[in-house]
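Q: Based on the hints, put chain B in the right spot on chain A.
Chains as they are written, first to last, in the working numbering: chain A, 1 to 110; chain B, 1 to 114.
Derived by calculation from the structure, the hints in this document are not laboratory data. Watch out, some of these pointers could steer you wrong.
[Unchecked claim] Covered by chain A, according to a simulated footprint, are these stretches of chain B (three or more residues, beta-carbon under 8 Å):
#: 1; segment: 30-42
#: 2; segment: 87-97
#: 3; segment: 102-114
[Unchecked claim] Dumping the calculated DMTMM-like pairs for lysine to aspartate or glutamate here, alpha-carbon to alpha-carbon at most 25 Å:
#: 4; chain 1: A; residue 1: Lys68; chain 2: B; residue 2: Asp38
#: 5; chain 1: A; residue 1: Lys1; chain 2: B; residue 2: Asp26
#: 6; chain 1: A; residue 1: Lys68; chain 2: A; residue 2: Glu15
Quick caveat: nothing in here was measured; it's all calculated off a predicted structure. The C-beta atom is built at its ideal place from N, Cα and C for all residues, glycine as well.
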Amino acid sequence: KQEVTQIPAALSVPEGENLVLNCSFTDSAIYNLQWFRQDPGKGLTSLLLIQSSQREQTSGRLNASLDKSSGRSTLYIAASQPGDSATYLCAVKGNTPLVFGKGTRLSVIA
Amino acid sequence: NAGVTQTPKFQVLKTGQSMTLQCAQDMNHEYMSWYRQDPGMGLRLIHYSVGAGITDQGEVPNGYNVSRSTTEDFPLRLLSAAPSQTSVYFCASSSALKGHNEQFFGPGTRLTVL
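Just chain A, same shape as in the assembly (with noise of 0.2 Å):
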């Protein structure tokens, strides 16, 4: 059974620093990763997604890598603004429906 984990659970910095967040997974037969935000109350909103055969993903100040063989990825946020404060899951899709981590809250400090 595929298992998603999320290390920090919780995360404070201050504007402009540069931050990791970091996702693992179990089973590595995997066809992608995708990575989420949530801000309080609101949906989801698509961030990056990382097929396997891929090894990173850019948009913006995001960048997500995923290495697959040991189960991690990797999601890099450059030059943190106050605004970027939210919770950040992620997701692997393999033959099985779509499996969470439970996410990380990212405060970022003004």
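A: Quick look at chain B alone, frame taken from chain A:
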């Protein structure tokens, strides 16, 4: 395209009442699913469907029924609501269960059972 739509956005029920959460997608996706999100528990899969007439149970199916009579719609039914079903419900769709496709999520329904 509207994508994945969910209604209602908010609902308050009394224990024992029944209701249906609606989910529709206009992307001709075969695969649809329902998740619930609770504090500290993440998103957990309730039921899913790989096509019209085909449904299967996820991690937390008890207390919920689903049906898939059309490709577009995948309603979630609570037959006798319980306070433990207070949660935020998300519907999702993608072109297929397997493969390299992306999943798209609806805006969610926030349900409170008193």
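Q: Going back to the hint list, which numbers does this structure go against?
A: Failing hints, ascending: 4, 5, 6.
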